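Protein chains in written order, with this note's numbering: chain H, 1 to 232; chain C, 1 to 736.
Note that these hints are calculated values from the structure, not bench results.
Take these hints with a grain of salt, some might be off.
Unchecked claim - DSS-like mimics (lysine-lysine), calculated; alpha carbons at most 27 Å apart, straight line:
hint: 1; chain 1: C; residue 1: Lys295; chain 2: H; residue 2: Lys30
hint: 2; chain 1: H; residue 1: Lys109; chain 2: C; residue 2: Lys735
hint: 3; chain 1: C; residue 1: Lys65; chain 2: C; residue 2: Lys53
hint: 4; chain 1: H; residue 1: Lys30; chain 2: C; residue 2: Lys335
hint: 5; chain 1: C; residue 1: Lys284; chain 2: C; residue 2: Lys53
hint: 6; chain 1: C; residue 1: Lys284; chain 2: H; residue 2: Lys30
hint: 7; chain 1: C; residue 1: Lys367; chain 2: C; residue 2: Lys14
hint: 8; chain 1: C; residue 1: Lys721; chain 2: H; residue 2: Lys109
hint: 9; chain 1: H; residue 1: Lys2; chain 2: C; residue 2: Lys335
hint: 10; chain 1: C; residue 1: Lys24; chain 2: C; residue 2: Lys355
hint: 11; chain 1: C; residue 1: Lys24; chain 2: C; residue 2: Lys14
hint: 12; chain 1: C; residue 1: Lys367; chain 2: C; residue 2: Lys322
hint: 13; chain 1: C; residue 1: Lys406; chain 2: C; residue 2: Lys14
hint: 14; chain 1: C; residue 1: Lys259; chain 2: C; residue 2: Lys335
hint: 15; chain 1: C; residue 1: Lys284; chain 2: C; residue 2: Lys212
hint: 16; chain 1: C; residue 1: Lys567; chain 2: C; residue 2: Lys721
hint: 17; chain 1: C; residue 1: Lys24; chain 2: C; residue 2: Lys367
hint: 18; chain 1: C; residue 1: Lys284; chain 2: C; residue 2: Lys335
hint: 19; chain 1: C; residue 1: Lys327; chain 2: C; residue 2: Lys212
hint: 20; chain 1: H; residue 1: Lys109; chain 2: C; residue 2: Lys141
hint: 21; chain 1: C; residue 1: Lys735; chain 2: C; residue 2: Lys406
Model, not experiment: these values are computed from the prediction.
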Amino acid sequence: MKSAVIVFPGSNREGDVMRALAQAGSQVEKVWHAETQLPSGTDLVVLPGGFSYGDYLRCGAIAGRATVMDAVRAHAARGGLVLGICNGFQILCESGLLPGILMRNANLKFICHRQFLRVERNDTAFTKRYAKGQAIDVCVAHGEGNYTADADTLRRLEGDGLVAFRYSDARGDVTDDANRNGSMNSIAGIYSEKLNVLGMMPHPENLIEDLVGGTDGRGLFESLVSSAGRAA
Amino acid sequence: MNRNDVAITPELVKEHGLTPDEYKRFVDLIGRTPTLTELGIVSAMWNEHCSYKSSRLHLRGLPTKAPWVIQGPGENAGVIDIGDGLACIFKMESHNHPSFIEPYQGATTGVGGILRDVFTMGARPIACLNFLRFGEPDHPKTPHLLAGVVAGIGGYGNSFGVPTVGGSVGFHPRYNGNILVNAMAVGLARTDEIFYAAATGIGNPIVYLGSKTGRDGIHGATMASAEFDDASDEKRPTVQVGDPFAEKLLLEACLELMKSGAVIAIQDMGAAGLTSSAVEMGAKGNLGVELDLDKVPCREEGMSAYEMMLSESQERMLMVLKPGMEKEAEAIFVKWGLDFAIIGRTTDTLRFVIKHHGDVMADLPIKEMGDEAPLYDRPHVPTPPKPVIAPESVVAPLSDTDALLKLVGSPDQSSRRWVWEQYDHLILGNTVQVPGGDAAIVRVENGPKGLALTTDVTPRYCEADPVEGGKQAVAEAWRNITAVGGLPLAITDNLNFGSPARPEVMGQFVGCLRGIGEACRVLDFPVVSGNVSLYNETNGQGILPTPAIGGVGVLDDVTVHASVAFKRDGDALILIGETEGWLGQSIYLAEICGREEGAPPPVDLAQERRNGDFVRQLIRSGQVDTVHDCSDGGLALTLAEMAMAGGTGASLTAEPADLPRHAFLFGEDQGRYVLAVKQDVAADILYEATAIGVPAALLGVTGGASLILPGAQAISVATLKAAHESWLPDYMAGKA
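Make a model of the complete structure from these sequences and hints.
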């Protein structure tokens, strides 16, 4: 499996996700935002967390229009896997690969804390190592994670089973208390129609070792490595 | 202020913060009347912030050397060897005055400045900490300042991409008009790839890198060297604006350029901007510097030489490049979208020459700008000793349980979760101990080593007895690192005091430094970098003397460490250290009895070291994984924090016969730790301790859902936690 991690000016969690991918057994390559092509044989494209272009204008707005994003869109259109985490999710929404938008958190503050997510389905390339309904312990670190979409989009996401993760408590119950950024329907991550593009606010890449908080994030990267080749 | 030939009047000299004597010294030095640009330059170099003119004399007494110290004070940051070919580079710096005027931007630029100090030396920043003090909670400005400062620290560090892993937040009326915002940054570099400020080689290109120069922050360093009054808000235009995005690009570009081998010397443009950075590079390298200001990238049109030399625009660097490597260097900066301009060269004249539009605007002797800066031995009087308060003389106004509940939910002792959840403390994936422990722990790269990091001082102790308070600040930082299993290696100090013109304030300064020096020597914990912030006064009221200590220690195997949380039911509780029930200057006396009185607890440094070395060895040998040092609030608060962190109670069965119970529980005797250990090793630990002269006593046992103090009602851990967690969020929501 070959992963390409796109680096924009202001990306800052590229190293974290590269470590998680390598640990799961992927080859990983950094790709600069000004490139026009992805490395040949790329199975997975990752848009990492950070503050691309300083989050100036709108989060992800400038990066969503970067040169390399044409290649990412083409990769997705071919059915290639794309994972956007945090700022990467914002970029996916801004680039048209996923619907909706991430607004300021409900409390208008940046929040960084451990967070449980309920895995909504485990039949995708991203989640097969988890159980359906499992509560996984990861973390969030964002100021704009409040998922918002119009009523039609929300209905389609729910109807087509495109919600990947919801904010939950440790038992997997989706409660208002667990939804600290105020996202609609407690949405923490969504898939594209073909289930090959995933955008999520939380950071599974920071929970891959017992020493540093836990290992619940590993499942996502291990799922991807075991899926590579078959999804494309 | 565009013209260079304005008459230099006494009023103009005064506006530049120079005394008539200082101005005369300058005129004598250069042998003529200065130009306006030269007056601006000297005002920037000779203010307190840059010249340390009131403090230099006393700083000389601090120990700065150890076999593991690679670079002590005097560079952008201190450097220590942590083994495996790696160096830890760190420093703490204040941004008090700007943060009071404009809290968000003041804090962001504080963080930005200290990060630059660290990566200027070739290090990649891996952690930030901070030390914050605000006025009393009831003061109308306090919530606004706290909210702004916390948002600013987060706003910069989160975007830059460095975890903010620790810090300290406190309140006291003496900071009502003058808050403290001290930021610390820690970075890693290879020991053979460290970069310094000293220029070498004649005729080498001097390169300007980073953001453009604007009119922001002119005279920022001079502002930081004056007291505040009611009109201080009018100084808002001297506060700079931070751009963490530009700084992130600058970091990546600088590290890439350093790898290319093109960099001879590098200096960030911090306080006093281009002036201070250029003078330091030349003076340290015994070279002259000639700058052509026509080449400086400017954000605004028509900037004068005076303005360019004094601008404190952020995210800028100055470098001396290897000749012939300009093209490669420029390509790297263009890739990162940053300005790159050759603005001058090194010379053999030892002069600092500034040209603008073909005219010489300044021509000064470069070494003398630093070496001949005024040096004052200001009058100082020692703080009169306070009486020792006998434990028996303090009557308990509340039951011990009620007192404990009140303390855990008090402004100074309540949880700081509201603060640190606004900081990304997890980025980089190496945060082993998150905020809330004795010291933060970050893994070094992929291990096995780790760093233990802390910031600490107890200002009320320093106020009551500067020497003991100074000792205690260092001992507390050393203890915090020890309590997680780290070997304390070195400190950075951020010395926040009032006006040095007042002998009693200078007395506090001199006393604290004496205490700090003594403790550093006994604990082998040298000072490798630091910052002095004086004139922390408003309308003649000085802050509490606050020498914040930033400590760094190393864990050889980061997987072997201790934390404060109780981990099992049935562990034996062991108290290390002597308890005399010291209530003078204690939190109990202040919060429960309403008295800030008495002498603070003395620190026996030799005993401190014995106790700490013993505890560290227990952690490192894997015998103990649960440790908390005893500090504010004494034994009772220590146990409550351990219980709340672990969600497990404890019952305390031991109590001394000869002490009032509240003095035993809440006294703040120094050099103490509480351990929770498996029963089967408890007896051995007690025996070993006694054998080497470390006081150790069995206190009780962990378990259950409540904390049970001797002779008192059980209090549930959930009740304690509710009080502990609610104060700050309620206060910030206007409910407390």
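Each hint, compared with the structure:
no.	hint	verdict
1	C:Lys295 x H:Lys30	35 Å, violated
2	H:Lys109 x C:Lys735	18 Å, holds
3	C:Lys65 x C:Lys53	23 Å, holds
4	H:Lys30 x C:Lys335	15 Å, holds
5	C:Lys284 x C:Lys53	18 Å, holds
6	C:Lys284 x H:Lys30	39 Å, violated
7	C:Lys367 x C:Lys14	24 Å, holds
8	C:Lys721 x H:Lys109	23 Å, holds
9	H:Lys2 x C:Lys335	26 Å, holds
10	C:Lys24 x C:Lys355	25 Å, holds
11	C:Lys24 x C:Lys14	12 Å, holds
12	C:Lys367 x C:Lys322	23 Å, holds
13	C:Lys406 x C:Lys14	51 Å, violated
14	C:Lys259 x C:Lys335	15 Å, holds
15	C:Lys284 x C:Lys212	26 Å, holds
16	C:Lys567 x C:Lys721	17 Å, holds
17	C:Lys24 x C:Lys367	18 Å, holds
18	C:Lys284 x C:Lys335	31 Å, violated
19	C:Lys327 x C:Lys212	20 Å, holds
20	H:Lys109 x C:Lys141	20 Å, holds
21	C:Lys735 x C:Lys406	17 Å, holds
Hints 1, 6, 13 and 18 from the earlier list are contradicted by this structure; the remaining hints agree with it.
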